[in-house]
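Participant: Sequence:
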Amino acid sequence: KQESCCHHANSNKYAICGCHLVPRGPPSRTLYALLDMRNDQERRFQAIVQAQQEDRERFRSWMDREVRAEAAAEQTSPSHMPLNKMGPQDDPEAFLDLFEKTAENGGWPKEQWSMRLIPLLSGEAQVAAQQLPVQNLLVFDDLKRAIIQPVGRNPEQHRQRFRSLDLGESGRPFVLAQQLRDSCR
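Residue numbers (the working numbering): 1 to 185.
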């Protein structure tokens with residue numbers, strides 16, 4: 001005698017199939033409809049599984065291409081160029097301009113510029129960076145603006161610096177021209 005998983009198994013209307021009860025006798029339209037729904041669900045499930053596998057393969061392929069591209073970029077340009085820390089006598093604007101040119105020449109993604117600049121800051125520039133919210137600290141243009149505003153010169157200081165420049169003892173006009181350009185910023 002078979003054990004049943006419910007009290008209906010002993011009646012003549014049901015047969016036991018594994019742990020499920022199956023109606024005895026000719027299958028009804030409802031049973032066919034349920035089987036059709038089950039088959040349809042199985043087809044849809046298989047289609048979803050197939051689409052997920054294709055997505056995973058595309059993602060892996062994309063990641064492989066990105067890793068190869070990064071590796072090639074690292075071979076063509078150094079990922080880390082040595083930069084000096086900002087000193088107390090450094091002009092913040094000139095330091096930031098030099099940093100930007102170095103970053104551009106190094107081919108660094110702009111999203112990394114802030115993270116590479118922050119350790120190089122000192123003094124008032126470092127304090128200005130520390131006062132920024134994190135979301136602004138990681139945006140290079142926001143960080144640059146925060147450093148230049150409190151540390152940079154006001155218009156009167158620019159005017160005084162511009163007027164105080166002269167050819168001096170060195171007699172190097174190109175140096176003076178560069179200093180004048182820097183003073184105009």
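Worth flagging that the hints you see were computed from the coordinates, not collected in a lab. A couple of the hints might just be wrong.
Unchecked claim - Derived pair list, reagent style EDC-like, types lysine to aspartate or glutamate, alpha-carbon separation capped at 16 Å: (1) 144 - 100; (2) 110 - 100; (3) 101 - 36; (4) 85 - 100; (5) 144 - 90; (6) 85 - 124; (7) 144 - 91; (8) 85 - 97; (9) 110 - 97; (10) 144 - 124; (11) 110 - 90.
Participant: Does each hint fit the structure? Answer for all of them.
Facilitator: Cross-check of the supplied hints:
1. 144 - 100: The hint holds at about 10 Å.
2. 110 - 100: Since the Cα atoms of residue 110 and residue 100 sit roughly 9 Å apart, the hinted pair holds (cutoff 16 Å).
3. 101 - 36: violated, 67 Å
4. 85 - 100: Holds, because 14 Å separates the two Cα atoms, which is no more than 16 Å.
5. 144 - 90: holds, 15 Å
6. 85 - 124: holds, 13 Å
7. 144 - 91: holds, 13 Å
8. 85 - 97: Within the cut-off at roughly 14 Å; holds.
9. 110 - 97: holds, 14 Å
10. 144 - 124: Holds: residue 144 and residue 124 sit about 13 Å apart, inside 16 Å.
11. 110 - 90: violated, 23 Å
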